[in-house]
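Protein chains: 2
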Amino acid sequence: MPDLDDVPAGAPAVADPGSVGVVASRDFVHAAPFTFQSGQSLPGFTLRYETYGELNAARDNAILICHALSGDHHCAGRHATDDRKPGWWDNLIGPGKAVDTRRFFVICSNCLGGCVGSTGPSSVNPATGRPYGIAFPFVTIRDMVRAQKLLLDHLGVATLHAAIGGSMGGMQVLQWGIEYPGFVRRLLAMATTSREGAQAIAFNEVGRQAIMQDPAWNQGDYVREAGPRTGLAIARMMAHITYVSDASMDRKFGRRKKGTANGDAYTFDIQFEVESYLRHQGQSFINRFDANSYLYITRALDQFDLAHAYGSVETAFAPVQAETLVVGFTSDWLFPPEQNRAIVHALLRAGKRATYAELATDLGHDSFLLESEDLYALVRSFLEREAAVLVDFSI
Amino acid sequence: MPDLDDVPAGAPAVADPGSVGVVASRDFVHAAPFTFQSGQSLPGFTLRYETYGELNAARDNAILICHALSGDHHCAGRHATDDRKPGWWDNLIGPGKAVDTRRFFVICSNCLGGCVGSTGPSSVNPATGRPYGIAFPFVTIRDMVRAQKLLLDHLGVATLHAAIGGSMGGMQVLQWGIEYPGFVRRLLAMATTSREGAQAIAFNEVGRQAIMQDPAWNQGDYVREAGPRTGLAIARMMAHITYVSDASMDRKFGRRKKGTANGDAYTFDIQFEVESYLRHQGQSFINRFDANSYLYITRALDQFDLAHAYGSVETAFAPVQAETLVVGFTSDWLFPPEQNRAIVHALLRAGKRATYAELATDLGHDSFLLESEDLYALVRSFLEREAAVLVDFSI
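Top line first, the protein sequences correspond to chains A and B.
Take the first sequence: its position 135, counted from the start at 1, is 135 in the numbering used here, and no numbers get skipped.
Take the second sequence: its position 216, counted from the start at 1, is 216 in the numbering used here, and no numbers get skipped.
If we strip away everything but chain A, and leave its shape as in the complex, we get (with noise of 0.2 Å):
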């Protein structure tokens, strides 16, 4: 769940030799019918996606982004010279980066049930004129890895040297291992879990509640700029809070106030700094994200449960045939270093090449995003070494 609203604003791309420069995004239209996961069907989709750096004769040094819960398929570069922000994992992907598009053919997409230009319940229903809204189908972590899946074909990708994701996107990175397992050669999931705890459920339904329940949200019909911003601002408010740790906040913030040079001002109105980080956080989420799209993707991440899917999270796995690097982070605790670790040792029960990193930060869940040499290390040296060739004994 990238905190996109706080990568810090750089120097333009062009004066970044380690930026893939400008980029331009595109439209992947797929116009035959699409059949979802709970049994509801599009007749169609379009998943907005960026590429860097060129796919190979052999087709197969093409890595796959997955983006988090607020995150798009604007992952590197920018999209205009002087835009002020470049793309949310700008400092990962490019010339000579960990990710380095001087090698690899890129990919990131905009998930299925999105609102940065890939179908979802902002898009306009054929049938009635007006946005889906709560009549888009029921989206799931295994719906936006099938939807990427045919963008990839349609990109002539032959095979996947890698996926790569932190938190939803480390969700997708696995579902993909098990879905497409001759297709993808490494995953790489970071911040992530195979299932939510009680407590990650509790937060999302309290963000989504807060959209629900505004009048705003009109049962889901809407158009975007009438949304419920409040009920939206409210949720994002809430939730990053969970990105970050306390530590973090008490570095960056601690208790200063603002104005009123540190006085004790008596007022509802902002007092402490970090007051005003959260509510500036809540106004630039509305202004970018849609609420309908926020309670889909909210409900596929809570209900991504491999364990529950598949009979056992062993079984789950039994198919995947490529090798697993998982990150997690110390700070983290949405998806805490445990359920991380869970993932390795359900994989190497399952007789699979896994393994697991622990990276020490206080950054809390939103490491996966910010500058760290020891996860560029890792990530650079995971997607350099030769896949295991795998041999079928069974012959």
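Derived from the structure by calculation, the hints contain no laboratory data.
Any given hint could turn out to be false.
Each pair may be met inside one copy or between any two copies, as identical chains are not told apart.
[Stated by the list, open to error] With a cut-off of at most 25 Å between alpha-carbon atoms, the simulated SDA-like pairs for lysine to any residue come out as follows:
| hint | residue 1 | residue 2 |
| --- | --- | --- |
| 1 | LYS252 | PRO337 |
| 2 | LYS352 | PHE183 |
| 3 | LYS258 | GLY311 |
| 4 | LYS252 | TRP333 |
| 5 | LYS252 | ALA309 |
| 6 | LYS257 | ARG224 |
| 7 | LYS149 | SER331 |
| 8 | LYS85 | GLY117 |
All values derive from a computational prediction rather than experimental measurement.
Keeping the supplied structure of chain A fixed, place chain B upon it in accordance with the hints.
Just chain B now, with coordinates in the frame of chain A:
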């Protein structure tokens, strides 16, 4: 911040020899002007309170119980024999219990600014004939304590044997030791802090925003039954998550689903038991709590900062004469053990008699409210040991 909605319903008090039995609340009316720390004032105020046990002839066996954010004065016994639940600290207070009402005269009052009988923003402003709303003076922890002192004077208490409280109640306990050092012999604070960190302020701010952004809040001008119930329920649902722990929620609910035989339901209605539980928490809270009181009391929590108010925590504690026991709980992530321990270290640096005890629980912040023989033993022995005789060596 006691979880009043979660106290198990037991047998009627009359069947429980350890219960104080059927109790009645009374009102203390202070009919003289009261000036708040903010400089604002009221012509007088009412505190609703309960007492259990008898004040002795020396008038020195009184114990003051200080409640937390969502608590009130009804901390033991039942108001009627068929009450579904006893007072919120009934497990701790009663004949033969850790706070033994055969020996002690126990007093608990609803805090100033509260909404359960004491004067607060939902009280009628005699100047307008309508509730004060946000015309009510800002309340601080120190204001609450000063009002309690007037009640104790009215009751004829000469010396407090102890002041006891958890969470916000613990803040009051610390303030008691600073404000009335010659009056209180023992301070027993649990699951508390000498000042909240940024994360706790952040959660309170999201709760306040949920209330204040609810159109029914109407700048604080509403009648109780038509108030911002939606916003208050959202605030409570979120806050409740912070009172418990990931582990306790997982043990209690895990990912169990409601109805539909644990199958995959595709709906934004309740799917998981934890969602149903949280909604119940929100709904039961709005029937017993006033949204403006929630704003005032969370502001009091956020503003409580002994280091800021007195220059340093050590300076704050300089006047303290009482012996202090602070109890932290390992799973409390709202006011974590470090913050509790830090109080004792500051007291020790200030040359005071203070000790810290840490109990291993996985129940989170609300651990102080729950049944624990370890906690009972700590409380009982702290109350029973002789207070230090304070000898002034400066003569």
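Tested hints:
1. With identical chains, the CA atoms of LYS252 and PRO337 are at most 25 Å apart both within one copy (23 Å) and between copies (21 Å).
2. Taking identical chains as interchangeable, the C-alpha atoms of LYS352 and PHE183 lie at most 25 Å apart only when both belong to the same chain, with a minimum of 16 Å there against 68 Å between chains.
3. Only between protomers do LYS258 and GLY311 lie at most 25 Å apart by alpha-carbon distance; the minimum there is 19 Å, versus 53 Å within a single protomer.
4. In this assembly of identical chains, the alpha carbons of LYS252 and TRP333 lie at most 25 Å apart whether taken from the same copy (18 Å) or from different copies (19 Å).
5. Taking identical chains as interchangeable, the C-alpha atoms of LYS252 and ALA309 lie at most 25 Å apart only when they sit on different chains, with a minimum of 22 Å there against 41 Å within one chain.
6. In this assembly of identical chains, LYS257 and ARG224 lie within 25 Å of each other by CA distance neither inside one copy nor across copies; the values are 34 Å within and 32 Å between.
7. In this homomeric assembly, LYS149 and SER331 never come within 25 Å of each other (Cα to Cα): the closest approach is 33 Å inside a single copy and 43 Å across copies.
8. In this assembly of identical chains, the alpha carbons of LYS85 and GLY117 lie at most 25 Å apart only when taken from the same copy (19 Å versus 53 Å across copies).
Taken one by one, the earlier hints fail for this structure at numbers 6, 7, listed in ascending order.
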